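2 protein chains.
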Amino acid sequence: MYLTQLMTQSRFRFLISGFVAILAVFLCSVSYAADPLPSWNDGTAKEAILYFVNAVTDKNSKDYVEPAERIATFDNDGTLWVEYPMYTQVLFAFDRVKKLAPQHPEWKIKQPFKALLEGDMKTVGASGMKGLMEIVMATHSGMSAAEFEKEVSDWLATTQQAKFKRLYTELIYQPQLELLDYLRANGFKTFIVSGGGIAFMRTFSEKAYGISPEQVVGSSVVAEFQVKDGKPVIIRQPKIAFINDKAGKPVGIYQHIGRRPILAFGNSDSDIQMIEYTMAGEGRRLGLFVHHTDEEREYSYDRKSHVGTLDKALDRAAAEGWIIVDMKKDWKKVFPEN
Amino acid sequence: MYLTQLMTQSRFRFLISGFVAILAVFLCSVSYAADPLPSWNDGTAKEAILYFVNAVTDKNSKDYVEPAERIATFDNDGTLWVEYPMYTQVLFAFDRVKKLAPQHPEWKIKQPFKALLEGDMKTVGASGMKGLMEIVMATHSGMSAAEFEKEVSDWLATTQQAKFKRLYTELIYQPQLELLDYLRANGFKTFIVSGGGIAFMRTFSEKAYGISPEQVVGSSVVAEFQVKDGKPVIIRQPKIAFINDKAGKPVGIYQHIGRRPILAFGNSDSDIQMIEYTMAGEGRRLGLFVHHTDEEREYSYDRKSHVGTLDKALDRAAAEGWIIVDMKKDWKKVFPEN
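Protein sequence lines, in the order shown, are assigned to chains A and B.
For what it's worth, my numbering labels the leading residue of the first sequence as 113, then goes sequentially.
For what it's worth, my numbering labels the leading residue of the second sequence as 113, then goes sequentially.
Bear in mind the hints are in silico, worked out from the structure with no lab data behind them.
Computed from a predicted model, the values in this text were never measured in an experiment.
Treat the hints with caution; some may be incorrect.
Copies of one chain are not kept apart here, so a pair can be met inside one copy or by any two copies together.
Said to hold, decoys possible - With a straight-line cut-off of 27 angstroms between C-alpha atoms, the simulated DSS-like cross-links for lysine-lysine are:
#1 Lys262 / Lys174
#2 Lys416 / Lys444
#3 Lys226 / Lys424
#4 Lys445 / Lys211
#5 Lys319 / Lys445
#6 Lys340 / Lys358
#7 Lys340 / Lys424
#8 Lys343 / Lys358
#9 Lys343 / Lys174
#10 Lys211 / Lys222
#11 Lys445 / Lys210
#12 Lys351 / Lys222
#13 Lys424 / Lys222
Please model the complete structure; the sequences and the hints are all you need to start from.
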């Protein structure tokens with residue numbers, strides 16, 4: 113029997129439409145069940161995330177949270193991108209000292225600039241937080257907002273990370289990109305809450321993470337409005353306005369976001385207060401830390417590291433119900449493909 | 113001929129489907145042409161707004177702006193709600209002094225508290241900005257973020273404005289609510305950028321204007337993270353962190369939003385710098401001021417007013433291309449229905 117003849121038989125037409133209906137249901141359920149976090153291995157961390165998102169988005173759940181209150185905050189250095197062996201923004205500041213040196217002959221005799229220009233990193237390190245702040249102020253202020261943005265963008269577009277020989281903005285964590293997408297698809301607003309400079313991060317946050325500038329919270333310098341050559345501009349001043357780190361993180365969240373997060377993700381003891389503040393809210397909450405355990409694919413560091421120290425948080429995690437994400441075990445993939 | 117017979121005639125069926133198609137097109141064009149700003153009278157201001165929004169959202173326009181860059185900022189007092197004869201937040205502070213007086217016996221002899229408690233507003237006024245700041249600090253700090261939010265919400269829910277005998281949150285401008293909706297429907301992000309307290313405004317911005325807390329930029333006090341009785345809380349400190357007024361507005365926009373607005377709306381000389389900063393960006397921009405000209409439906413005040421002084425901006429508007437919205441002439445309606 114030819115197909116066209118078959119088609120005209122009403123019983124067969126009925127079978128066909130039944131088959132189409134089943135196929136449609138099957139396709140829908142497949143699309144529903146598709147793994148939203150394909151770069152996360154099965155395990156406690158992934159389960160905790162999926163369970164949490166289901167619980168707060170299911171209208172019939174006792175843990176349901178209105179979309180407006182679905183605030184998720186992420187640290188940046190070591191949580192969304194590589195921070196080891198040195199914070200990217202510090203490397204930017206160092207490079208900028210070298211670039212600006214011809215205009216600053218005084219740096220030849222002034223520490224820590226002298227040491228930095230001579231490659232004597234031991235002396236730079238010995239200058240401590242005071243020395244680092246002098247370097248940051250000298251390289252992050254005294255220009256307009258637009259000029260600073262261009263400096264950062266140009267540097268990020270041309271500077272490769274030493275170990276991976278890739279741009280820093282390519283050394284972002286694929287599992288976290290999936291998590292950010294998954295949260296946004298479930299009505300969350302995603303924020304960066306980082307000790308890094310707010311203006312530094314805003315140059316790449318939208319392109320790298322899909323996080324718009326107004327959803328970036330960070331440290332800042334004082335800024336001034338000036339009319340320069342008849343043109344209104346913002347000029348960055350050599351004075352700290354706010355340090356968005358440690359106990360500063362909940363404060364930054366309060367001042368900038370105005371709502372307590374229901375999910376917070378960090379990677380170091382500097383994130384403890386943000387996680388504490390998040391977890392102390394009413395209803396179901398989720399607090400997570402990335403534990404850098406993967407010497408091969410990224411880096412391995414924690415309790416004794418000079419950057420991203422993860423020590424007290426590791427001790428407290430079990431008792432507090434914080435989730436420790438083991439990079440080696442929990443992440444199928446670390447970075448996006450080239 | 114019966115209708116059923118008519119229906120079976122193929123020529124008539126053709127006519128019917130033609131009619132349905134025309135009706136559909138008509139309904140679509142009606143919905144397209146429906147006035148998005150029904151409480152705005154026809155005139156220069158309304159035309160300028162409609163023209164601007166069309167220009168920046170039409171992909172074929174030379175003035176097209178990507179949705180991500182469609183940032184609109186609105187002053188609050190006098191631009192979105194009533195500010196006359198005294199800023200609402202100042203009235204809140206005055207009422208709070210009275211409420212707190214039993215716990216502050218020292219206020220019986222300490223100015224400007226003594227004068228305020230005795231109803232001697234002339235002496236309160238003579239204490240100037242210094243006196244006002246003392247009152248604000250005494251009433252806006254020393255409590256947790258949650259406690260302050262409750263104080264403000266309770267006061268706003270129970271206190272009537274003197275002239276209109278309505279809650280302050282009902283004395284918001286209907287034409288501006290339509291404009292906010294219209295802008296958001298056209299892909300804009302709408303922000304409040306006001307000299308008012310950020311935490312004060314956040315208690316009602318979402319319900320009153322559809323503007324979420326994280327899209328409110330305002331003045332702030334220093335805040336501290338503390339663990340109090342084992343519970344992590346934010347405590348408001350008696351120290352100004354930032355004054356988001358005059359030249360502070362573009363700075364607040366830079367620090368908080370991180371992008372230059374393409375539309376800004378104010379109502380006083382305190383908004384001049386925000387409008388200057390907005391208009392100085394590249395491409396088409398729109399800057400507007402509400403001019404309070406309606407003694408009958410609201411208030412009439414401008415150059416010599418003690419609140420919301422509109423003087424220099426009126427002089428500069430024509431030359432700078434700023435739009436002056438004449439409340440009496442341009443607004444069909446001032447407040448939403450009861």
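Structure-based check of all given hints:
For the homomeric pair lysine 262 and lysine 174, the shortest alpha-carbon distance between copies (25 angstroms) is at most 27 angstroms, but the shortest distance inside one copy (48 angstroms) is not. Taking the shortest alpha-carbon separations for lysine 416 and lysine 444, only the intra-copy value of 26 angstroms comes in at or below 27 angstroms, while the best inter-copy value is 68 angstroms. Taking the closest pair of Cα atoms, lysine 226 and lysine 424 never come within 27 angstroms of each other, the shortest separation being 36 angstroms inside a single copy and 50 angstroms across copies. For the homomeric pair lysine 445 and lysine 211, neither the shortest alpha-carbon distance inside one copy (36 angstroms) nor that between copies (59 angstroms) is at most 27 angstroms.
For the identical chains of this complex, lysine 319 and lysine 445 are intra-copy neighbours only, at 20 angstroms inside a copy versus 43 angstroms across copies, given an alpha-carbon limit of 27 angstroms. For the identical chains of this complex, lysine 340 and lysine 358 are inter-copy neighbours only, at 17 angstroms across copies versus 37 angstroms inside a copy, given an alpha-carbon limit of 27 angstroms. In this assembly of identical chains, the alpha carbons of lysine 340 and lysine 424 lie at most 27 angstroms apart only when taken from different copies (20 angstroms versus 49 angstroms within one copy). Taking the closest pair of Cα atoms, lysine 343 and lysine 358 come within 27 angstroms of each other only across two copies (16 angstroms); inside a single copy the shortest separation is 38 angstroms, beyond that limit.
Taking the shortest alpha-carbon separations for lysine 343 and lysine 174, only the inter-copy value of 23 angstroms comes in at or below 27 angstroms, while the best intra-copy value is 55 angstroms. In the homo-oligomer, the alpha carbons of lysine 211 and lysine 222 lie at most 27 angstroms apart inside one protomer (16 angstroms), although the nearest pairing across protomers, at 57 angstroms, exceeds that limit. In this assembly of identical chains, lysine 445 and lysine 210 lie within 27 angstroms of each other by CA distance neither inside one copy nor across copies; the values are 36 angstroms within and 61 angstroms between. In this assembly of identical chains, lysine 351 and lysine 222 lie within 27 angstroms of each other by CA distance solely inside one copy; the values are 19 angstroms within and 36 angstroms between copies.
When the C-alpha separation of lysine 424 and lysine 222 is checked against a cutoff of 27 angstroms, the pair qualifies neither within a copy, at 37 angstroms, nor between copies, at 48 angstroms.
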